[in-house]
Amino acid sequence: MPLVMKLGYLEIGVKAVPESLGYYNGVMGAELTETSSDGTAHLSVGNDHHCLVIKPSQQPGLGAVGLQLRPPVTLDEVAKRLSDMGIAVDTRSDSRPGMPRLLAATFPGAPVFELYEHMAEVGPRTDNVGFSPSRLGHVALLSTEAKRLVEFLHEGLGCWTTDWFDDRATFLTCNRDHHVFNVLDAPFNGLHHVAFQLVDARHHFDAADRLTMEKIPLLWGPSRHTAGHNIASYHRAPEGSLIELYSDMDVYVPELGIFEPRAFHEDQPQKPKVWSLSNLSAWHTEFAFDLARG
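If you're matching positions, the sequence shown starts at 1 in the UniProt record's numbering and goes up one per residue.
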């Protein structure tokens, strides 16, 4: 059983916080829950105090990934487990709003992973601003140390491996979603994309209409992916982050090592397998945007 239960938050460094806030708060509809003295903005699309941390930085990019531990797992247990693997860990108190304690794990080729037991809750947003995704779903990471990053997630945190794209990408999950992490072998480290879950196809239409009103083009989709079979579309946030909006993702049944059956699955039962990176659309739709490169 994985030691973590969900992707809690991402910290993204940007050069212009107000511009990014205009998108995440005004267009997406994430609620601004707190602004720190240095201008760092905390935003939420659900009950948690934050799922996004937008931080002013002259070196933009992904800074940290927050993961919530699965009760009754404790920070002390995870600290010992990761230390035994040779991973540097550091326990921090009150380093983020709404979080009394967290464990930071650092190693080459990856952002800082921040593990926590509890986060304050703020309640869902009620003013119906933006297209309002239901939650932060998953993150795709580019890494020069992809093998080690996969080992950290699989061996260190107990995540299940659910699919692969050739020898380039590995999908892992800590819950019943097809994937919570996508690790891509790359010549540099960074964020490939961050994904937010929508409710259904109608929500995709509403989000696309809102993005069009804001003159933000869709780069890929909506289409059904092969690995995961989620309906997905992609666009860019002002700071350049690639944003995926998705729904209808495969549901993993770890006890059986299969995905809940669907009529359109290529295999019955659908099990973890190696997919071709040359075809990312189950509908064989071709898009000008090279999604594999991001």
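Among the hints, a few may not be true.
Unchecked claim - When the alpha-carbon atoms are kept at most 25 Å apart in a straight line, the in silico BS3-like pairs for lysine-lysine are as follows: (1) LYS15 - LYS147; (2) LYS15 - LYS80; (3) LYS273 - LYS147; (4) LYS6 - LYS273.
Think of the hints as simulated: they come from the structure by calculation, not from any bench.
Tested hints:
no. : hint            : result
1   : LYS15 - LYS147  : violated (31 Å)
2   : LYS15 - LYS80   : violated (37 Å)
3   : LYS273 - LYS147 : holds (18 Å)
4   : LYS6 - LYS273   : holds (23 Å)
The earlier numbered hints that this structure contradicts are 1 and 2.
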